[in-house]
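2 protein chains.
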Amino acid sequence: DLSAKSSSTNIPVSRSLDGAINSLPGANIALVSIPGEYVYSEVDRILDKNINAFVFSDNVSIEDEKKLKEKAHSKGLLVMGPDCGTGIISGVPLAFANVVGKGNIGIVGASGTGIQEVSSIIARLGKGVSHAIGIGGRDLSKEIGGVSALDALDILERDEDTDVVVFISKPPAESVKNKVIEKFKSMNKKIVAIFLGEKPEKEEANIKYVWTLEDAARQAVLISEFESQVSSALKSVSEKVETIKNNEKQRKIQGYFCGGTLAGEAAILIKEYLGKIENNKSDGFMLNYDGHQIIDFGDDMYTKGRPHPMIDPTTRINAIESLITKEDVAVVLLDNVIGYGSNDDMAGSLIDSIEKVINKKKEKRQEILFVASVCGTEEDIQVYSSQVEKLEEAGVIVLETNAQATSFVTRLIEKLKNEKQDVKDKKSTMLTEDLKVINIGLESFSGAIKKHEGEVIQYNWAPVAGGDKKLQNLLAKLNSF
Amino acid sequence: DLSAKSSSTNIPVSRSLDGAINSLPGANIALVSIPGEYVYSEVDRILDKNINAFVFSDNVSIEDEKKLKEKAHSKGLLVMGPDCGTGIISGVPLAFANVVGKGNIGIVGASGTGIQEVSSIIARLGKGVSHAIGIGGRDLSKEIGGVSALDALDILERDEDTDVVVFISKPPAESVKNKVIEKFKSMNKKIVAIFLGEKPEKEEANIKYVWTLEDAARQAVLISEFESQVSSALKSVSEKVETIKNNEKQRKIQGYFCGGTLAGEAAILIKEYLGKIENNKSDGFMLNYDGHQIIDFGDDMYTKGRPHPMIDPTTRINAIESLITKEDVAVVLLDNVIGYGSNDDMAGSLIDSIEKVINKKKEKRQEILFVASVCGTEEDIQVYSSQVEKLEEAGVIVLETNAQATSFVTRLIEKLKNEKQDVKDKKSTMLTEDLKVINIGLESFSGAIKKHEGEVIQYNWAPVAGGDKKLQNLLAKLNSF
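Protein chains in written order, with this note's numbering: chain A, 1275 to 1755; chain B, 1275 to 1755.
Derived by calculation from the structure, the hints in this document are not laboratory data. Any given hint might turn out to be false.
No copy labels: a pair is met if it fits in one copy or bridges any two.
[Unchecked claim] EDC-like cross-link-like pairs, simulated, lysine to aspartate or glutamate; straight-line CA separation at most 20 Å:
id, residue 1, residue 2
1, Lys1710, Glu1729
2, Lys1376, Glu1653
3, Lys1725, Glu1707
4, Lys1509, Glu1667
5, Lys1459, Glu1475
6, Lys1689, Glu1516
7, Lys1444, Glu1546
8, Lys1545, Glu1472
9, Lys1555, Glu1472
10, Lys1476, Glu1546
11, Lys1691, Glu1516
12, Lys1473, Glu1546
13, Lys1444, Glu1477
14, Lys1376, Glu1652
The structure presented is a predicted model; accordingly, all values stated were derived computationally and were not measured.
Construct the entire structure; sequences and hints are all you get.
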């Protein structure tokens, strides 16, 4: 077979599929933009060669789409499309796509400009996309049954770079919708779903439903940022986490709060993590379950004859110092409320006790984690950033909000469990290896791929047998023997 | 009565309520932090003087709370509290509050640190709070029935500075919750509601439900930004809007799209505004109702034998120029998709036609509005900002996203209706006039008020009759004759 460089762009050219594959070993996607009537046989061949197919072409029958997708699924491959206008795989734009930086937001979309709008907004907000996978406009119909959608979600679940997935489509057929939603719930990532035209359902499990493409992008960005903050914080103390994990006794949460609503919120989020527990506040405990405790020191029982804990740190200092003799505590959650009415320097008031506890534990070759958020602003007298700094210098992990600090705590407790990590088999080579594309059809698609450091070879496809369909069918049958 | 300046802070001091009122005519809030047993009679007097009450004190009986709140309501006044820890009125922090810039997000909160966390996060995100109104922890109980909550919502609805309201509380009593939600729905503002501990319900009407305080703040900021963008854009063309309004024939929407999903989204949002219309796409019309049309020029019927409209602007240019002879169109909505595969300069391709139409209308002393969004990024070859600039120079109003551009269109159509604006009577002086506070109790609260340009007088309260309750009651009865 002849391979030659396309003169204008220096992209290698082949005149046959086999030639293209030989010139680009490890090719993992074929980008197909040929007349619809020829798609079936071409993609059938592509799948035979264990290559995924991105089918830009339309005018493919739904029966052919079904056959191709079922074949792909059985071989652990993906057919994106038909009528798939847009894709971004490992940062490489495919067909009609925008230049979008890499990040931790994955996208699965039925159509083209939906993916373009969402990925562009994400990029303009300063965030990035791991992969955007197009599944074509009919994938979620009853006939096709969501084959590519489910496999695309599976791929993104296994992708370490992806933390949150945006799913964009028209409302699926009822039976397919249930499958898709069950798949969402089984994934260990957050999902933002938009079924265009359908009013958003209430949030459930890991799924947030939205009404507009803009909101899909914005919610994904918020989730991405929240998760990143908590993940970074956890990573920053991974050695201490290991030490705590190795001490089987240390598995409990203590929370010492001066703000009642903040204590309440922390308790609510921890109860959600632990599973349904009745909401009850007794004796100042917002949470008191299985050794996990969240205490509101502003409760009447702690404030008789003394100022409020937002002013007077004494009761919390005592609680912190009592940790010296507690053996079962892994993590301590605190709030630090500043502003008018509050102590001039709450952080400064607490850090001596915190450092004392940390050091006492270190003497016994133990670790204990203190986590806090500061409630206030730069313009407050106590100065937000100054309070954060003091806490951090004392070894406290400071998150931006009470919700993030509490999320850190529950994710830490989860990490401390002695559970085997699911070993996910690496099914997809498309995402886990460098992109190697065989471009079949419109030459213009090659340029973008090469520009973004994907390897590409142009296969200048022409209909077999001069376009004579009877002859083509005959040849195809002959080839399959 | 004696008025003297407090020596340390130069805040005027009075020894009686009447004295304080005389020294601070137009006083609109009394900040009450005295022992709970005296609150009823003091606040009763305050309400008699037509002054709102911020009751920091706790240990007030629920019967007294009910009586005071019902009296306040009947006089068009507000009782904030009891046990109200936090407030921000017109930028002035009351009691335990943070320094938060002014903006268009209002807050109603049952408790203290809930308001503090939400307002602080809003501030740290660079946005601001119009007013934060505390209602106390029992306001939403069955006994109290949400009197202050409903009046606080009413106040914020009438406040021109407030565009979105965050509502923070524990789950209210069932009957009260229904009243509060009905009130939300009746308001012409967006609501973000958190009933702490209760999983968020699905979005309905103008209400978004959230699970955490952080999310309450972040969603409010998103809504605030969205609404601000659309409002600013509308304001920037207010004269043209007037001209269009004066031509009764011009009331219709035209949308000319190259992206199918974007056309679909625009149609969905406009249908939502117009009221339920069936979802049907026929002949390339995503919307074809009552003279309003959204056309997807990528539909097969427009692309036979010609390139896709994302590449070839011809069909859209023709549609735009056809507006010259259309008499009923007020506004034209466009998408402008860039990136790989798209025209090198779609904006440049359309603006001549756009300017031609605008000028032809001007010749007839008419206006017509063109609204667009650009789908793409700075890194795209066509360069996002460059496309935006070209469109704007041609007189097109450019919004950030398809959802915002469509929102502009529906708000414009609403503005063009010949409906009388509801004249809301100015019920609340607390928000519409400068803050003048009588601080009754803890002196430290005065300093913050003065620092933030509120006028304040300190009333050094002491129990009447030396604290003898029987004598107090007697005196109170005598005074009421």
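The hints, checked one at a time:
For the homomeric pair Lys1710 and Glu1729, the shortest alpha-carbon distance inside one copy (5 Å) is at most 20 Å, but the shortest distance between copies (71 Å) is not. In this homomeric assembly, Lys1376 and Glu1653 come within 20 Å of each other (Cα to Cα) only across copies, at 13 Å, whereas the closest approach inside a single copy is 35 Å. Proximity of Lys1725 to Glu1707 under the C-alpha cut-off of 20 Å is restricted to the intra-copy arrangement: shortest distance 18 Å within a copy versus 61 Å between copies. Taking the shortest alpha-carbon separations for Lys1509 and Glu1667, only the intra-copy value of 18 Å comes in at or below 20 Å, while the best inter-copy value is 49 Å.
Within a single copy, Lys1459 and Glu1475 get their C-alpha atoms as close as 14 Å, and across copies as close as 18 Å, so both meet the 20 Å cut-off. Proximity of Lys1689 and Glu1516 under a CA criterion of 20 Å is satisfied intra-copy only: 9 Å inside one chain copy versus 62 Å between copies. Within a single copy, Lys1444 and Glu1546 get their C-alpha atoms only as close as 32 Å, which misses the 20 Å cut-off; across copies the closest is 16 Å, which meets it. Taking the closest pair of Cα atoms, Lys1545 and Glu1472 come within 20 Å of each other only across two copies (12 Å); inside a single copy the shortest separation is 32 Å, beyond that limit.
Proximity of Lys1555 to Glu1472 under the C-alpha cut-off of 20 Å is restricted to the inter-copy arrangement: shortest distance 16 Å between copies versus 39 Å within a copy. Proximity of Lys1476 to Glu1546 under the C-alpha cut-off of 20 Å is found in both arrangements, the shortest distances being 17 Å within a copy and 19 Å between copies. Only within a single protomer do Lys1691 and Glu1516 lie at most 20 Å apart by alpha-carbon distance; the minimum there is 11 Å, versus 66 Å between protomers. For the identical chains of this complex, Lys1473 and Glu1546 are inter-copy neighbours only, at 10 Å across copies versus 26 Å inside a copy, given an alpha-carbon limit of 20 Å.
In this assembly of identical chains, Lys1444 and Glu1477 lie within 20 Å of each other by CA distance both inside one copy and across copies; the values are 19 Å within and 19 Å between. Taking the shortest alpha-carbon separations for Lys1376 and Glu1652, only the inter-copy value of 15 Å comes in at or below 20 Å, while the best intra-copy value is 32 Å.
Checked against the numbered hints listed earlier, the structure breaks none of them; every hint is satisfied.
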